[in-house]
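**Q** The task is simple: from the sequences and hints, build the whole structure.
These protein sequences, in sequence, are chains A and B.
Here the first sequence is numbered in this note's numbering, starting from 57 and rising by one per residue.
Here the second sequence is numbered in this note's numbering, starting from 57 and rising by one per residue.
If you are wondering where the hints come from, they were derived from the structure by calculation, not from laboratory data.
Please note: incorrect hints may appear among the correct ones.
Identical copies look the same in the list; a pair holds intra-copy or inter-copy alike.
Keeping only pairs whose Cα atoms sit at most 20 angstroms apart, straight-line, the calculated DMTMM-like set for lysine to aspartate or glutamate is [stated by the list, open to error]: (1) K420 x D609; (2) K420 x E603; (3) K420 x E602.
Listed below are the residues making up each chain.
There are 2 protein chains.
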Amino acid sequence: MNLTLAIIFCIIISLAAFLLAGWLYLWIKKQDSSNPKIEKISDLIKSGANTFIRKEYTILAKFAGVVAILILIFLPRPIWNQPNFAAILSNNIAMVFSYLFGTIFSGLAGKIGIFVATIANKKTAEAATRGIAPSFLNGFRGGAVMGMAVVGSSLLGVAVFFWVTKNPTMLLGFSFGASSLALFAKAGGGIFTKTADISADLVGKVELGIPEDDPRNPAVIADNVGDNVGDVAGMGADLFDSHVASLAAAIVMAASIDTSTGSNNVAMVFVFAALGLLSSIIGVMFAKMGKNGNPTRALNLSTYITTGIFALLTLLATLIFKYEWRLYFVTIIGLLVGVIIGITTDYFTNDERKPVRKVAEASKSGPALTIISGMSYGFLSVLPAMIGIAVSAFLAFKIADPLGEGYALFGISIAAVGMLSIVGMIISNDAYGPIVDNARGLAEMGGLGEEVIKITDQLDSAGNTVKAVTKGFAIAAAGLTVISLLAAFKSEVNDAARELGLELIEAFNILDPAVFFGLLIGAAVPAVFSSLLMLGVDRNTRRMVEEIHRQFDEIPGLKEGKEGVMPESDKCIDIATEGALKELLPAGAFAIIITIVVGLIGGVQAIGGFLTGNIVSGVLLALFMSNSGGLWDNGKKYIEAGNFGGKGSDAHKAAVIGDTVGDPFKDTAGPSINTQITVVSLVASLFAIIFLTFSLF
Amino acid sequence: MNLTLAIIFCIIISLAAFLLAGWLYLWIKKQDSSNPKIEKISDLIKSGANTFIRKEYTILAKFAGVVAILILIFLPRPIWNQPNFAAILSNNIAMVFSYLFGTIFSGLAGKIGIFVATIANKKTAEAATRGIAPSFLNGFRGGAVMGMAVVGSSLLGVAVFFWVTKNPTMLLGFSFGASSLALFAKAGGGIFTKTADISADLVGKVELGIPEDDPRNPAVIADNVGDNVGDVAGMGADLFDSHVASLAAAIVMAASIDTSTGSNNVAMVFVFAALGLLSSIIGVMFAKMGKNGNPTRALNLSTYITTGIFALLTLLATLIFKYEWRLYFVTIIGLLVGVIIGITTDYFTNDERKPVRKVAEASKSGPALTIISGMSYGFLSVLPAMIGIAVSAFLAFKIADPLGEGYALFGISIAAVGMLSIVGMIISNDAYGPIVDNARGLAEMGGLGEEVIKITDQLDSAGNTVKAVTKGFAIAAAGLTVISLLAAFKSEVNDAARELGLELIEAFNILDPAVFFGLLIGAAVPAVFSSLLMLGVDRNTRRMVEEIHRQFDEIPGLKEGKEGVMPESDKCIDIATEGALKELLPAGAFAIIITIVVGLIGGVQAIGGFLTGNIVSGVLLALFMSNSGGLWDNGKKYIEAGNFGGKGSDAHKAAVIGDTVGDPFKDTAGPSINTQITVVSLVASLFAIIFLTFSLF
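**A** Here you go:
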């Protein structure tokens, strides 16, 4: 298939994904919803989410405007170094557009996700009155709208953009737009959601001993809003960004091979990406659950089906279009390693396995041991994933290397594309989590009864398990993508060096002091970045806890649950919003600025080290935080299911504290690190010429 | 000064250090001690510590025996590849002796430290009845015996060994012996001390609300034993190991330059090291505290004095012996960066600064926020130290580079020597901590009264602050040392490659897949290593908590504190001992074995990446753990001083939980990582030939 056909194929599949998303949306919309109480609460959640998103996007639009001006002046090279206006138009101005389109596409995908999620949650709650199977389907299909919208717009954007510009560097700009928006959206959403969640838990569960989602608690609505703005929109932005980045990196390298050898690797990247989305479409359509089925199994099964279909379709494509077998194997290695990392993550967060049970048991001796043992397993859990990423990168390189110059590093990027091929399915599974979590809240607040809450609890628990798996997957994918972005960085540097008549970069030698200098500082960045986000959550939480205390003290009858007395939920939403917006920029800005500073001091060699340190420590910390967070969450749930004393016991109290510590780990800092490493890598590639020409050493 | 004279100078200074240690020991011994109750408890502590050390060293002796046999067969190259018996004698057998001497010297230094510490603690407690100044002096001089013994034996060992063998590779074997013993001594001691400490706190402070060091608590004696075997012996072993490793790395590189150019760099390394010890001797002799002085200031002042003296003495040496000025500057940069890192660490753990106060304040909202905010500051605290290490390595390289081939990397190693020059003083300050901590316990258990306890509390608090500073220093020193060991590894590999007629290694290129493969796995090792240690503490603690519960339930009158009823402390000591011995080997063995496996799979390139990943993530995690642990400890103390509700308030309870989580961070896992990265680097250098000849890829 030639390049044009491949791109058209991508566009068709993307449109099919949008069609499916539309159909699913209509299906959800026409489901029954008649409970006025739920309707009212759901409206509160929706309007809270919309207000936050509007305010957040307003700030981000201003930020994007500033960045656009900086891009215009400096990227891909300073405007005063361009020979004429035509060059400015086809470089700097085109880059501005690439960047802006990236932000817009990424923002849109998030917006669609929230829109559907805030409808799906109430439908899921009400469907639970009819049984677990229909309730599951509502939750899953709500998530699938997000999945289809995200991957559809990612693929559509990349395909159309490449068709128009024919310039892979512009794709890096597009990807940077998507990533920078994702970075801030995740930071803001993550701070919002965890501020509300932790505050609600601290006062509700720990101090007063009232149940989760109790309508008396002023922070409960804010918590539900947070599920949407943090988990649905933030996570969608994250995987959008990884997907775009993996395609951009692969196309940069494929294009450089194709230019010199006339082969058709770019077309293959597009075909494989389209087949990945097609597999996810099929997987989503066939996902359902038997009447007495297990929701976790249903979610996992659809992932395995999608994986199998993708392997088959790419096999056929390889046969028909005579692609290199070696590249096919590399793709499949990426895919399988992604699945294997997901499974090992599951081991550390599944309540049927040793780690969760041991942590739950440790809670009997108080919260200190809950934290110590949970963190220990979190540290242990990084090993299989790190080995997995290491082995897949190594094999991809070695298998692709014999194909010729440039193929080795292209192999790594195509492994990342393989790993991210089934991302449509992954997002569907992941967005399912916050939807059923919200549904559980609505069922509780709407007074749908114990039986219904139990069903939503079951769905929620499956959501937690699957979420841990998809997060492991997302981190691995980001890791592999960023390794290929490192290769893309080198290729950008050498393109620039060739133009400027400078010596080409052959290696980033660890014993070069500039490389080591960058390495150490790059490694510190994810730690500092996480720290800034968590301190934001901490500050904001304390403000909200005070407000909740004030309400319980000052509103007569609230604590006792007097009929008709309602908390002032909007005040909590305001605090969460304001705090999140204030804490949004520093962490992300720090990561971007320090990259530029290191590059200006140490040049491209320092940046090579910086990116490496950043990837290594970023992947490590992201895995640690996501996994220990998921582990504590499920440890708490395991005790709540009646083990080690059950609800209300000392062990339970300790486990709740563990869960609270895990909240910003797994939903604020941990997953934001993915985006941070991608953004930093893209900044590096875009600034390649600047670093090459203006560095101090 | 020629090499022989320099070595003789080293030996003289080492002997002077031993003389000073002996004099200090006699001074302490003749101090007043008349309280029979304290005498009795102190005997219990002493015998507990001796029993543990005896059992631990028995296991380690067996381990060392096995390693010695493996060394005989395989190192520096397989015995069947040696041409004749003379070669075996001067290589494999010499290496066995180097290794064994390293373990013996390291073990001896630890043993001396414990011996003196268990005397100094009771003298310090009783001196507190006469005021803070004499009490301080007892604590400090007790620590100084350790400082002098450690650095004296390290310098003596290296000097004599090099004089006899004239072979720098043998020094690596000596260093490996010291490090491998340190690794296990710290792991075992760290698990022992934290098992006892956490158990005592969990049941005593958290559950029953009885004071620290209450004689009713069955774990209190074990806790005091732990201070000696974990903090005194363990930390001494750690810095012994860093000091030896820094000298070994510098000498390996200096020798390689001297051989080709005939210059006298090895002599300079010896002279500078001896001057460092001389400065510490002077610093120790002049350390004291005014009647109304501040113990923290007194400790810091002696560090600054030592630093100043060293800078002056090396300046004179450079003038007189005409050493290269560039090397002098590099040495001073290392020294200053060490001090600066210490100061920034102080910012994060000093209770007069924002981080500790914010964490204490967060405790008002419960333990979850104590943990979240403490971890956040812990993550933030890595930045200045990482930048410090990065900048000093970079500058050292750049400044030394113009001196000629090989000087650039030698520059890094001489910066590490500079940083570690004042290590005698650092150890004195550090060992002071557990001694006064123990004295506090003895004052409480011996019933010396509120006033005396208050004095020992003040001394203890200074110990905590200084401990955090010295730990920051130790980690930075280990980091810089290991960077120079990486360079030493390359030089070992190339020596071997030259011998075998293979191609020389020019670089470790990050984009080489083997390097990246090693990098990712190496980065995971410190996390897994910490995890295994902390899980050991966790398991062991739960056993001990059960035992304490049993005693309080079954021994009549114990809880009520009936006159004459004593807990069965020996049972707790037995549990701590048994658990520590059982958990001792796995973590260290894991680190050593995975290094060998990665080398056998990916060869020397993979090991280059592996060491780099290990250093970067090791330094990061060690800083994070040590600093957040110190921060929580001081946050708790800040509340106990009457802030945010003071003792017994909810904030205090939360802060105690934070402190408990921090315990294995700062005293088990964090500082052990230093040793882990050193051991792994030495293993790599020693196995250089094996990896070069036998790797899979």
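**Q** None of the hints should be skipped; say for each whether it holds.
**A** Now the hints, each set against the structure:
With identical chains, the CA atoms of K420 and D609 are at most 20 angstroms apart between copies only, with a shortest distance of 17 angstroms across copies and 32 angstroms within one. Taking the shortest Cα distances, K420 and E603 sit within 20 angstroms of each other only across copies (15 angstroms), while inside one copy they are farther apart (32 angstroms). Only between protomers do K420 and E602 lie at most 20 angstroms apart by alpha-carbon distance; the minimum there is 11 angstroms, versus 29 angstroms within a single protomer.
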